[in-house]
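Participant: So you can see what is in the structure, the chains are spelled out below.
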Amino acid sequence: MSVPSDSWQRAALGLSLLLFDPRHLGGAHIRMRAGPARDRVLASIRPMNLRRIHPGITDEQLFGGIDLAQTLEAGQVVENSGFFQSKVNALLTMAERCPAGLAARLAQQLDRDAGHCILALDEGAEPDETLPAALAERLPLFISPDGRMPADWGLVPAGTDTREPASVTASPEVGETLTLLAAHFGIDSLRVPLAALRVARVHAGFNGRAEVTAADVEVAAALVFPHRATRLPEEPGDTSEPPPPPPPDQDEDTGGDQGETSTLPDGDILVDAVRALLPADLLAGLVPAGTAARSGGAGAGKKRKGNRRGRPLPSRPGRLDGTSRIDLVATLRAAAPWQPLRRKAQPDQSGLLIRPADIRLKRYEEQSDRLLIFTVDASGSAAMSRLNEAKGAVEMLLAQAYAARDHVALIAFRGTGAELLLPPTRSLVQTKRRLASLPGGGGTPLAAGLEQAATLATQSRARGLTPTVVILTDGRANVALDGTPDRATAAQDADRFADVLRAEGVSALVIDMSARPQEALRELSARLGAPYLALPRADAQRLSGAVSAALGG
Amino acid sequence: MKTPFPFSAIVGQHEMKQAMILTAVDPGIGGVLVFGDRGTGKSTAVRALAALLPPIRAVESCPVNAPKVADCPDWAELGSKKLVTRPTPVIDLPLGATEDRVVGALDIERALTRGEKAFEPGLLARANRGYLYIDEVNLLEDHIVDLLLDVAQSGENVVEREGLSIRHPARFVLVGSGNPEEGELRPQLLDRFGLSVEVRSPNDAAERVEVIRRRDAFETDPEGFMQTWMPRDEEVRDTILKARRKLPKIQTPDAILTDCAELCIALGSDGLRGELTLLRTARALAAWQGARKLRREHLREIAPSALSHRLRRDPLDEAGSGARVRRIVDEVLG
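Note that the protein sequences, when read in sequence, are chains A and B. Per the working numbering, the first sequence starts with residue 2, numbered consecutively. Per the working numbering, the second sequence starts with residue 32, numbered consecutively.
If we strip away everything but chain B, and leave its shape as in the complex, we get:
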C-alpha cells in the first residue's frame, strides 16, 4: 500500500484542514463534518490526517488500544502486554456496515467450532482513542446512526445481546463526509459533530491546475514528492503537539464567554452545545496559533464552522448558513 498524499500538500481548503487539525489538538471538540461536492479532496484529507497524527502508546494486544494494562476491558484476552507505539487509529466505517460489525458481536466462528462464548470487537472498539471516518455519512442507515449517536455521547459501547454483556470505552473523533445533494443529515446527528465545513471545488483555474500538478507529481514520483512535503507535515505535527501542551494554559476572559453566549442567542441555535463547542474550538485555535489568551479574532474565525450546522435549516437560503453566521458574527462582535 502506498503512503497517503501528504496533508500539507493539499491545495486550498483552508477551513477543512484547520477544522481537522483542531480536532487533533483537542479531541474533545467532537468531530468534523465535511460536506461538499465529489472530488474536492475530502477523503484525501482524512486519509492524510491519519499519517499526520502523533502516534499513541497502547497495550499491544488490546482490542481497544488501552494506554495501560489496567485499562484493558476484562473480556479481552490479552496476549502480549507490552506497551507499543502505534499510529493513531483512523477507522473507516463503510456504508453497508452492519450493527454487528460496528458494535461487535458474538464470535460465531468460535461459538460454532469450539463452543465458546466470546466477544468479537467491532469497529467502535478499534476506533477508540482515534478517529472514526464515515464517508457518505448522509446515506448511513438510521439504526446505525442512532447507535453512533449513543456511543459518541457516552464514550462507552455497551453490547447486551445473545447472552453477552460487554462494555468497553469508545472515545473517538467522528469525521463524516458527504454530498448534500444526496440527502440531508438528521439534525440530531448534525448537532453531535463539533465542527462542520463546506467544501467546494475551487473556482479559480490556477488553483485547480495546482491541485492536478501536485497530485500528478505525487503519482509519478511518490518518494521525491514525500521528501519535499514530509518536513512540512512534521512541522504541522510538532505544532499540534505543542498546541496540546499549551491548551490547558489558555486564559479565557469573561468578556469572551459573554461574546459566545450573545453570539449563540443572536443565531438562535438550540441548546448549549453551540456555546460549549465554540469556546472549546476557539481555545484549540488559540493554542494552535500560539496565543496565550483567547481573543475575539479566534471566535470570529471559528464561529462559522462551529455554529453553521446548528441553525434551523432554511431551504431557500442558497448562500448557506455559513454566510448567515458570518453576518451575525459581524453584528455581534462589531
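Here chain A stands alone, though its shape is the one from the complex:
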C-alpha cells in the first residue's frame, strides 16, 4: 500500500490511526478553519470521547484543586478532580491562542507518558498564528487537508486482525531509515523520528502486521515529516554534503525472516515520496536560519493586557485562580443588591453573603512607550545627495514624535564607524541641535550603523520601550565592521546584523534616499522584514508623510 497523494485521504489515514490507538500516538495537530468540513472531521473521531479544553483553562481545572464555588456554597473544602488525573483524550480548541505557559504544561503531561492524547485544533489564518512550538513538536501527526472535501470522505477501516502497536516489532533499520530521512529534511529534533517510529508501529498494528514493513515506514514518513521540513534535500549529484549512508543491508541477521516485506524502501525513494508532499509554500517559509518571525504592527508601543500593573481597565467577573487580583470594591458592589434576597434564603448566616459569581477581578492595560531609532547615513555620497532633506524629514518626524510622546534616538554612521549621537530622549531641542551639527563625509559603514541600532533596540526593550528602527541611507555598504573598505565583507556584515535585528523582532523601516532606487536596499528591507520606501527627489514633507504612513502612526 502506498501513501495517498490526496491530502484528504492522508488526513483520513492519520485520523484512523489516531482513533485506532490514541495513547500510543500521543496526539495530533489539526489545522483547519471552522466549517462543515471540520465538523465532519471531528465527527469522524467522535468515538475517541474527546474532552474539550480551551486556552484559558486554569491550573485548578487541569490538575485538580479546590472547587471555590462549591467550597463557598457548602462552607467546607470541596476538592474537584483535575482533568489530567485519569487518562484522557483532550481536544484543545482555538489552539492558536494557546499561551506558552499552557503549552509548556501540556507538553509536560505528554512527556510524563501517562497515556494522554492531545488534539490541538488550530484555527490560525496567518502563518505565524499557530500552536506554540513546544507543544507542536510533541504532537506526531499534522492534519491540514486543503482543497474541497470529497463527498465520500471517511476514515480508513482497520485491518481484519489488528494488533497492539506496542507488540509490533521493528527492526533496527526502521529507526535508522527514519532518523536519516529526518536529517535529510533538516529536522534537527530527535523527537520527530521517534514520533515517526511510533506512527509506523501503529500503522503496522492497524493493518494486523507483527512487524513494521516498508509500507509502514513510508506512511509514517509522509504523515510526520513534510510539515516539519526546514530544507529541501540535496539533489542527487550535489556533493556539498555527503549523502547519508544508505541503510545497511543487514535484514537477514536480525532474524527478520518475513520474506520480501522486511526489505525497506530505498532511501532515495522515500526522500522523493516525502518531497512530493512538502507544502507548496515551504520555500516561501524558509527564512534564513536563526531568524524568527517578526512581531507584527509597528504602530504605537505595544499594548499589553495584564492583571498586574498599568492603567486600570474595568474589572471583569471571573474566578480566583491565583493569577489575578480581586477588585474588592467592585465585588462588594456586585454583591450588594442581592443581600436582602440571600439573607431571606439563608437567615442563619451573618455578615455579607458573597457568592462566587460576585467576584470581580482587576485588569490593567499597559502601554509601553515607543522609541524611534533614527539610523542616518552621513557618508559622503549621502551628504552630496540628500542629507539635508533627510535632516529636514527627521525634524518633522521629531515634531510628530513629540506630539505622540515617543522617545527618539539618533545614530549616524560614516567613515569607519557609527556613533550614537543622541541616546533615547524626549527632548526635542537637544535632538534638533545634534542633528543640525551632523557632519557628512566618508564611506558607508552600514553594518556598524545596524550594530548600534540593534544594541540600542535590545537595551531599550529591556527598559520597557518598544523600539522601531528607521534606516535612512543611499545605498550599498562599502565599509566592513572592522573599518576596512571592503565591499563584499561590508555587505555580509550588514546582512548579518539585519538578521540579528529581525531575530530580535525589532520593527524597522528602510528609507532609500538615493536619486535612483537601489536594489541592494530593497534586499536589505526584505531581510529585515521591513517596509521599504524609495524617495527619489522627495522633499522633507513627503518623506515624513511616508514614514508616518508606514509606521501607522
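Keep in mind the hints are simulated off the structure, nothing from the lab. Note that this is a predicted model, so its numbers are computed, not measured. All C-beta atoms, glycine included, are put in the ideal place defined by N, C-alpha and C. It is possible that part of the hints are untrue.
[As the list claims (entries may be wrong)] Anything over 10 Å on all C-beta distances counts as not near chain B; from chain A, calculated:
(1) GLN62
(2) GLY102
(3) LEU342
(4) GLY441
(5) ASN479
(6) PRO518
[As the list claims (entries may be wrong)] Below are the SDA-like pairs computed for lysine to any residue, each with C-alpha atoms no more than 20 Å apart in a straight line:
(7) B:LYS148 with A:ARG326
(8) A:LYS363 with B:ASP131
(9) A:LYS88 with B:THR34
(10) A:LYS363 with B:ARG132
(11) B:LYS148 with A:THR94
(12) B:LYS148 with A:GLY352
(13) A:LYS363 with B:HIS174
(14) A:LYS363 with B:THR129
(15) A:LYS88 with B:GLU250
[Claimed, not checked] If you anchor each label on the Cβ, the simulated ranges turn out as follows:
(16) B:LEU195 with A:SER438: 49 to 59 Å
(17) B:GLU362 with A:GLU524: 52 to 62 Å
(18) A:LEU333 with B:GLU147: 19 to 29 Å
(19) A:ARG343 with B:GLU172: 45 to 55 Å
(20) B:LEU195 with A:TYR365: 20 to 30 Å
(21) A:TYR365 with B:ARG276: 51 to 61 Å
Fit chain B to the supplied structure of chain A, relying on the hints for placement.
Facilitator: What follows is chain B alone, placed relative to chain A:
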C-alpha cells in the same frame, strides 16, 4: 506514571551530563543552564537526573523538606514529625506560574471558609534542598526572574504581603533550559547560573540512530531496558556519593588559584563570581574523577561551562563563546 529514561542511557551530550552531575556533587556550584535546540534531550536529562540523585532525609510533614524538626519553619503546621527518606525534590517551574505560586501566598480557601490566616507554601518551598527546573527559562516573565534571582542569592524566601510575614529557607540548584532562538537571557540571570552548556543535535548519523534505538527500546520494553541500565545509574549515584565525601579533602595548590585569576582576567569576565565558580566546579570535577589534588586539566576541562556565559556578548561571534573560552584557556594555561 512511568519511570523516567535512565540518565546513563542518554547518548552523547557529555558536557551537559557532566555539568548536571557536578551540581549533584556540590550543590553550591549554583545551577546549570542548558541552551540548545529542541529535541536534544534537555528535559530528558533533567528528569533522569531526578531519579539518579541520592535520596535525602527529611521531616515527613515539613513543607520545606527540613532535615530536623528544629529546622522546620515556625509557621508550618507539622503533622507527622517522623524522619523519612525521600527522593531529592526536582520541582518544575512552569512558564505561566504566578508570583503567588512561586513564593507562596495567603491560603485563600482557608481564609474564606474558616476565616484563618494561613500560609500556603509555593514552589520555592518545595524545591528547598533539591532542584528547581525551569524549561524555556528565557521566556519566563521578568518579575518572576527578579524574584528567583533574589531568592537564589539569599537562600531564603521572604514573603511580606497581605498581612503575612513569612520566611523559610530556599536553597536549591537552579536548572534552566531554553532555546536561544526564542530570546536571550538577561546577563544578571545568566551570571547566577554556575555552569552553562550548549547542546546541539548530534550531527553524526550513527549517534542519532543510536538515540532513536535506545529510546525505542525504552518505550517498547521499559522493564528490560531499566534492568540493563539501572546498574549503571547506580554506579553513577555511588560515585556521586563518594565524590561528595571526598570533596572537602581536595587540595588546592596556590598555582591553580593564580591560574583561575589569570584566566578570568584574560577573558574579561565581570565580577569575581567567575573565579569562584570555576574553582568550585573544578574541585567538584576532581572529586568526581577521584583525584586528590586540583590540577590544570580540571580547570581546562570545566572552564568553558563555568565561564562562557559570563563574557560580554558578541552578536556576530557565531562560533559561540565556548570556543572563545577554549582559545584563551589554551593561551593562558599553555
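Participant: Hints first: check each against the structure and report whether it holds.
Facilitator: Going down the list of hints, with the structure as the test:
Every CB of chain B is more than 10 Å from the CB of A:GLN62 (nearest about 13 Å), matching its label as outside the interface. Residue placement check: A:GLY102 does not keep its beta carbon more than 10 Å from all beta carbons of chain B (closest about 2 Å). With a minimum CB-CB distance of about 21 Å to chain B, A:LEU342 clears the 10 Å threshold, and the non-interface call stands. Look at A:GLY441: its CB is around 27 Å from the nearest CB on chain B, clear of 10 Å, so calling it non-interface holds up.
Every C-beta of chain B lies more than 10 Å from that of A:ASN479, the closest at about 18 Å, which supports listing it as non-interface. Against the 10 Å criterion, A:PRO518 stays outside the reach of chain B, whose nearest CB is about 29 Å from its own CB. Restraint check for B:LYS148 and A:ARG326: the C-alpha separation of about 18 Å stays at or below 20 Å, so the hint holds. A threshold of 20 Å between alpha carbons decides the hint, and for A:LYS363 with B:ASP131 the separation of about 16 Å falls inside it, so the pair holds.
Taken as a hint, the A:LYS88 and B:THR34 pair is honoured in the structure, with Cα atoms around 17 Å apart against an allowance of 20 Å. The hinted pair formed by A:LYS363 and B:ARG132 meets the criterion: a straight-line CA distance of about 18 Å does not exceed 20 Å. Between B:LYS148 and A:THR94, the direct Cα distance comes to roughly 39 Å. Violation of the 20 Å bound is thereby established for this hinted pair. With a CA separation close to 18 Å, the supplied pair B:LYS148 and A:GLY352 stays within the 20 Å bound.
With a CA separation close to 18 Å, the supplied pair A:LYS363 and B:HIS174 stays within the 20 Å bound. A distance of roughly 15 Å separates the Cα atoms of A:LYS363 and B:THR129; the hinted pair therefore holds under the 20 Å criterion. Our distance criterion of 20 Å between C-alpha atoms is met by A:LYS88 and B:GLU250, whose separation comes to about 18 Å. Between B:LEU195 and A:SER438 the beta carbons are some 58 Å apart, a value that agrees with the proposed interval 49 to 59 Å.
Taken as a hint, the range 52 to 62 Å is violated for the pair B:GLU362 and A:GLU524, whose Cβ atoms sit roughly 40 Å apart. Remark: the range hint 19 to 29 Å for A:LEU333 to B:GLU147 is upheld by a beta-carbon distance near 22 Å. Here the CB-CB span from A:ARG343 to B:GLU172 is close to 39 Å, at odds with the stated 45 to 55 Å. A hinted range of 20 to 30 Å for the beta carbons of B:LEU195 and A:TYR365 is consistent with their spacing of about 23 Å.
For the pair A:TYR365 and B:ARG276, the supplied restraint of 51 to 61 Å holds, since their beta-carbon distance comes to about 53 Å.
In summary, the structure is inconsistent with hints 2, 11, 17, 19 from the numbered list given earlier, while agreeing with the others.
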